[in-house]
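Enquirer: If you're matching them up, the sequences are chains A and B in order. Residue 202 in the numbering used here sits at position 202 of the first sequence, with consecutive numbering throughout. With positions in the second sequence counted from 1, the corresponding number in the numbering used here is that position plus 310.
Rather than coming from a laboratory, the hints here were simulated on the basis of the structure. Check each hint, because a few of them may be wrong.
[Stated by the list, open to error] Within a straight-line C-alpha distance of at most 20 Å, the following computed SDA-like cross-link-like pairs (lysine to any residue) qualify:
no.	chain 1	residue 1	chain 2	residue 2
1	B	K471	A	R286
2	B	K669	A	A122
3	B	K518	B	G584
4	B	K669	A	G125
5	B	K669	A	D292
6	B	K669	A	L285
7	B	K471	A	A122
8	B	K329	B	F379
9	B	K676	B	K324
10	B	K471	B	P806
11	B	K746	B	I700
12	B	K649	B	E605
13	B	K424	B	R456
14	B	K319	B	N341
15	B	K746	B	R562
16	B	K340	B	F379
17	B	K514	B	R562
18	B	K646	B	D738
19	B	K669	A	R289
20	B	K759	B	L529
21	B	K637	B	E605
22	B	K669	A	F288
23	B	K323	B	N355
24	B	K637	B	A653
25	B	K329	B	N352
26	B	K742	B	D631
27	B	K669	A	A61
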Amino acid sequence: MTTFIIIVLKVILIPLLSPLCVGVVRKVKASMQNRRGASIFQPYYDLWKLFHKDEVIARDASWIFYLTPFILFGLSLILPLGIPLVGSVESLSFFGDFLVIIYTLAAMTFFLALSGLDVGSAFGGFGSSREMTLAALTEGVLLFSLLPSAIIAHSSNLILMATSASTLSLIDFLPIGIAFMGYFIALMAETGRIPFDNPATHLELTMIHEAMILEYSGKRLALIEWANANKFIFFIILGVNLFFPWGLTTSTAPSALLFALGTVIVKALILIVGIAIVESSVAKLRLFRLPDLLFTGFIFCVISLLIMNI
Amino acid sequence: MTDQNIINKYLNKKIRTEKSANLILFQVEKNAILSQCLELSNNQNLQLKTINATDERSENGCFKIFYIFGIPGENVFLAPYIRIEKTYEFPSITPFIHQASFYELEIYTFFGLKPIGHPLFHPVLLHENWPSDIFPLRKDFAYNKRPREAKNPPYEFQIVKGEGIYEIPVGPVHAGIIEPGHFRFSVAGEEIVSLEPMLGYTHKGSEKLFEVLSFNDKLKLSERISGDTSFTHSLAYCQAIETLGNTPVPSRAKYLRVIYSELERLANHLNDIGFIINDTAFSFGGSNGPRLKEEVMQLCEMLTGSRFLRGVNTIGGVTKDIPNEKKVRLEEKLRKIRKDFEAVIEVIDDSESVQNRLKGTGTLGKQVAIDHGVVGVAARAIGLMNDARIDYPYASYENLEVKISHQTAGDVHARFYVRISEVYTSIDIITKALNKLPQGAINSKSTNKLQKNAYAVGITEGWRGDIVYFITTDNKGEIARVGVRDASIPNWSAVPHAVVGNIVPDFPLINKSFNLSYSGFDR
Chain A
1 MTTFIIIVLK VILIPLLSPL CVGVVRKVKA SMQNRRGASI FQPYYDLWKL
51 FHKDEVIARD ASWIFYLTPF ILFGLSLILP LGIPLVGSVE SLSFFGDFLV
101 IIYTLAAMTF FLALSGLDVG SAFGGFGSSR EMTLAALTEG VLLFSLLPSA
151 IIAHSSNLIL MATSASTLSL IDFLPIGIAF MGYFIALMAE TGRIPFDNPA
201 THLELTMIHE AMILEYSGKR LALIEWANAN KFIFFIILGV NLFFPWGLTT
251 STAPSALLFA LGTVIVKALI LIVGIAIVES SVAKLRLFRL PDLLFTGFIF
301 CVISLLIMNI
Chain B
311 MTDQNIINKY LNKKIRTEKS ANLILFQVEK NAILSQCLEL SNNQNLQLKT
361 INATDERSEN GCFKIFYIFG IPGENVFLAP YIRIEKTYEF PSITPFIHQA
411 SFYELEIYTF FGLKPIGHPL FHPVLLHENW PSDIFPLRKD FAYNKRPREA
461 KNPPYEFQIV KGEGIYEIPV GPVHAGIIEP GHFRFSVAGE EIVSLEPMLG
511 YTHKGSEKLF EVLSFNDKLK LSERISGDTS FTHSLAYCQA IETLGNTPVP
561 SRAKYLRVIY SELERLANHL NDIGFIINDT AFSFGGSNGP RLKEEVMQLC
611 EMLTGSRFLR GVNTIGGVTK DIPNEKKVRL EEKLRKIRKD FEAVIEVIDD
661 SESVQNRLKG TGTLGKQVAI DHGVVGVAAR AIGLMNDARI DYPYASYENL
711 EVKISHQTAG DVHARFYVRI SEVYTSIDII TKALNKLPQG AINSKSTNKL
761 QKNAYAVGIT EGWRGDIVYF ITTDNKGEIA RVGVRDASIP NWSAVPHAVV
811 GNIVPDFPLI NKSFNLSYSG FDR
């Protein structure tokens with residue numbers, strides 16, 4: 001029963017909180033620039049505004065363009081189901097495999113890239129081309145960054161991976177810590193953060209993610225933005241709970257669960273602030289240097305796998 | 311140098327010259343103009359500043375085309391000219407002097423005079439909805455007449471063929487708050503193979519308007535040719551008019567003009583520095599540049615009541631003085647801006663990722679820059695030491711040692727650091743000018759009586775590069791033609807060359823490092 005409640009809560013809570021995450025990142029970035037910045041609730045207002053706007057849809061748009069926002073949003077709701085939020089109580093054996101998660105993400109990228117190509121605008125075209133180039137490389141980094149935990153847990157279930165990592169001693173934890181570096185680079189790439197992509201830019205020629213969704217407006221744009229926020233919070237929670245699993249609980253007592261939730265929120269906030277600081281302290285890399293950075297992430301993962309066997 | 315020395319030094323003794331305001335004019339046969347221009351530009355190393363046509367059919371029965379060359383160190387210009395009678399054609403010099411290209415096409419579009427031998431012959435600035443047989447700068451075209459809308463075939467962009475080459479059309483409306491311009495990229499993957507800009511979307515017929523506005527409104531129009539360069543544009547205009555009217559300018563006014571010019575340069579350079587950094591997505595620098603610019607603009611407002619220094623220039627001086635208490639506040643504020651700026655630049659100097667984006671991006675070749683007659687920041691970033699403040703001394707710049715900032719690489723990094731160094735120079739110049747500021751009147755009683763049938767050139771160094779005004783008067787002493795050459799005109803033609811070989815996502819950064827005026831180009 002508790003399992004059921006927690007899963008329902010997860011499906012509702014995570015999409016509700018995801019715009020807040022985006023708002024917090026923006027706020028921290030603003031203060032890093034000596035600006036006051038918009039309220040952390042601004043992404044909610046933006047979604048509200050977009051949901052009340054009319055849409056302009058290109059004449060050449062096919063069903064791909066019409067359906068993609070729903071597919072993206074739907075998949076982004078499924079994503080959090082497979083990841084640990086508070087502890088072992090939520091394990092869903094049929095949907096916790098990390099390969100399923102990675103390819104759910106790939107499916108999102110696939111549809112997004114298709115919709116970018118669909119209306120035939122030049123911007124969508126190069127946006128999709130850049131996204132696919134990066135996605136092909138990011139996928140490998142992401143996969144390899146999760147492998148050390150999977151090997152330790154002898155399982156590919158993310159929730160089991162997290163709970164078994166939480167029992168490790170600090171020395172055995174080293175490979176997982178190194179793998180986190182790879183994960184962090186993949187996170188920045190997948191969620192379109194500086195140095196990969198600038199989510200705040202108005203320069204259409206430099207865009208990756210934004211170029212693909214340039215043709216969307218109104219409700220469909222709102223869905224895509226929301227799906228994107230969901231993806232962001234998904235990466236944050238997976239990151240803090242898999243690589244820093246302290247605070248996860250194995251009990252089902254409400255007090256323990258609440259405490260676990262509290263720790264997750266604190267850990268997530270720390271990671272979010274970290275992301276904002278990284279974003280504020282580097283410039284965007286040249287497009288053709290991005291594979292180098294992803295390759296660096298891959299090396300971290302390989303090192304982590306190597307030292308694990310020793 | 312006296313005029314006679316200049317003539318002896320640069321011209322063949324047999325040439326008969328006449329002096330008109332600050333121009334040394336001499337007529338050249340149509341067929342000899344190319345060799346005369348080659349002699350001046352290649353052998354004597356004089357810079358071609360602008361080419362302007364005038365319609366003098368009612369007075370002299372001809373069109374005239376003036377080729378204006380600057381003489382370094384002198385505010386006197388050599389102007390060979392040709393007369394075009396009974397024909398609408400003139401020989402093109404573009405095949406040998408590339409920078410003449412745009413001027414000749416402009417003369418074709420606006421005067422209907424055909425440059426024979428021009429390699430890429432098409433109208434500029436006016437688009438396909440403008441009738442191709444109406445030439446707006448001819449005297450018989452009424453400025454307030456609305457011609458019928460034409461349906462000419464659209465402009466044909468250069469097509470690059472090859473496997474995997476595709477085109478990206480960008481603009482004229484862009485995502486940011488910037489001026490309109492269309493760019494046609496031909497791209498192989500991400501690499502730019504060719505770029506063709508199409509401008510003219512903000513063409514306002516300003517040069518025609520100069521001929522019909524009242525005397526006082528002409529000055530206001532010159533402030534609005536390119537909004538961010540209000541002061542230096544109107545200064546170039548005023549200087550040309552002052553030369554034509556023999557109007558003396560009090561020395562206090564000359565110093566004040568230096569101070570205001572440099573404040574304008576300071577504001578715009580700070581803004582550009584911020585925006586170049588912003589285009590690399592390094593948000594710290596991106597937010598501090600505009601902040602510092604705002605402080606300078608508020609200073610301008612405090613001094614003159616106008617953030618853009620409008621209404622400050624007047625024929626014969628300036629309208630706003632800097633009294634002692636404002637002088638103290640100005641100095642104090644500048645010290646603070648300098649300190650803040652140093653701190654910001656320190657962060658940028660230390661940021662490996664920013665430096666990496668700037669270095670080697672958008673390199674403009676030296677020979678390309680010379681061929682296109684590139685001026686200003688873009689020229690100094692390649693080591694071409696062009697600076698109208700030194701080359702053609704005006705206001706009181708000759709009394710305030712101006713240090714030319716320069717770099718050699720010609721990439722975005724070089725243009726960026728030329729700007730940074732000019733920020734310091736500008737602050738130094740303002741401080742020096744404030745200390746030397748002489749007492750006295752800030753403007754002289756000006757008359758609007760100008761010399762008759764005269765020609766004059768006004769030149770100033772705007773923050774982008776030099777600005778040239780070519781002004782003529784008719785036989786009643788009224789202004790008959792105002793030719794405006796913003797620094798953006800020569801520089802726009804060089805931008806596509808700086809872009810080729812770079813990747814598409816670097817274009818905004820390269821474009822921003824030039825930061826040319828669409829309005830100043832289109833007029």
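Enquirer: Which hint numbers does the structure go against, in order from smallest to largest?
Expert: 1, 2, 3, 4, 9, 13, 14, 17, 24, 25 and 27
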